[in-house]
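Engineer: Using the sequences plus the hints, can you model the full thing?
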Amino acid sequence: GAVVSQHPSRVICKSGTSVKIECRSLDFQATTMFWYRQFPKQSLMLMATSNEGSKATYEQGVEKDKFLINHASLTLSTLTVTSAHPEDSSFYICSARDRTGVASYNEQFFGPGTRLTVL
Amino acid sequence: ELKVEQNPLFLSMQEGKNYTIYCNYSTTSDRLYWYRQDPGKSLESLFVLLSNGAVKQEGRLMASLDTKARLSTLHITAAVHDLSATYFCAPTGNQFYFGTGTSLTVIP
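Chains A and B, in that order, give the protein sequences.
Counting in my numbering, the first sequence runs from 594 upward without gaps.
Counting in my numbering, the second sequence runs from 462 upward without gaps.
A couple of the hints might just be wrong.
Below, simulated DMTMM-like cross-link-like pairs (lysine to aspartate or glutamate); rule was C-alpha separation at most 20 Å, straight line [stated by the list, open to error]: (1) B:517 x A:700; (2) A:634 x B:505; (3) A:657 x A:645; (4) B:464 x A:652; (5) B:502 x A:645; (6) B:464 x B:519; (7) B:529 x B:476; (8) A:657 x A:681; (9) A:634 x B:499; (10) A:634 x B:466; (11) B:502 x A:652; (12) B:464 x B:476; (13) A:634 x A:681; (14) B:478 x B:519; (15) B:529 x B:491.
Residues from chain B that face chain A, not an exhaustive set, calculated with beta carbons under 10 Å [stated by the list, open to error]: (16) 473; (17) 504; (18) 506.
Derived by calculation from the structure, the hints in this document are not laboratory data.
The model shown is predicted, which means the values in this text are computed figures rather than measured ones.
C-beta atoms are modelled at their ideal positions from N, C-alpha and C, and glycine is treated no differently.
Structural biologist: Encoded structure:
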């Protein structure tokens with residue numbers, strides 16, 4: 594159990610286009626999902642926390658108009674990188690916390706990641 | 462904000478040797494996770510440590526937690542090549558705070 598999927602796993606796009614990444618919890622309901630960005634050989638950086646049915650909370654320095662997050666259901670959150678530029682190229686990882694958060698010690702379950710390359 | 466430091470950042474060790482990775486964090490945390498990441502892959506959960514003095518072992522890896530010292534360790538026993546990866550600690554509260562990561566290379 595506790596599987597999180599991401600789609601696509603890899604995407605290459607031209608500068609100026611928008612890219613949507615989906616994060617799904619496959620076998621549990623996730624009231625909270627998290628979006629991380631990871632540059633090569635660096636740690637994970639939390640971008641935003643997404644709660645179902647409400648606006649996402651963005652970390653300092655993350656442009657909310659550039660990284661649009663929607664968490665419309667208990668099993669799906671999307672991250673849209675708008676007007677992507679080469680500096681947005683990165684590995685994007687989502688995670689989901691189950692609805693109860695009790696049995697799983699509030700653990701986050703991580704998706705497989707999406708490699709974004711902006712040309 | 463909780464700050465997390467791992468030591469060392471890079472570790473190259475021979476097969477069969479033992480070594481310890483250290484994770485120091487700046488403020489009180491509810492629990493602490495250890496993850497493994499292979500190149501180009503996402504995170505694989507290794508351990509969750511829930512209380513002071515907690516120790517967990519799986520194969521050649523053993524993790525411990527000292528909440529008073531705000532320190533967790535990941536000990537590697539008799540390293541094998543398959544353990545080569547990057548290891549992250551993540552003390553948590555409402556969110557995860559990831560350490561800097563330790564890139565481990567085990568040399569045959």
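Engineer: Among the hints numbered above, which are violated by the structure, and what are their numbers in rising order?
Structural biologist: 5, 6, 7, 11, 12, 16
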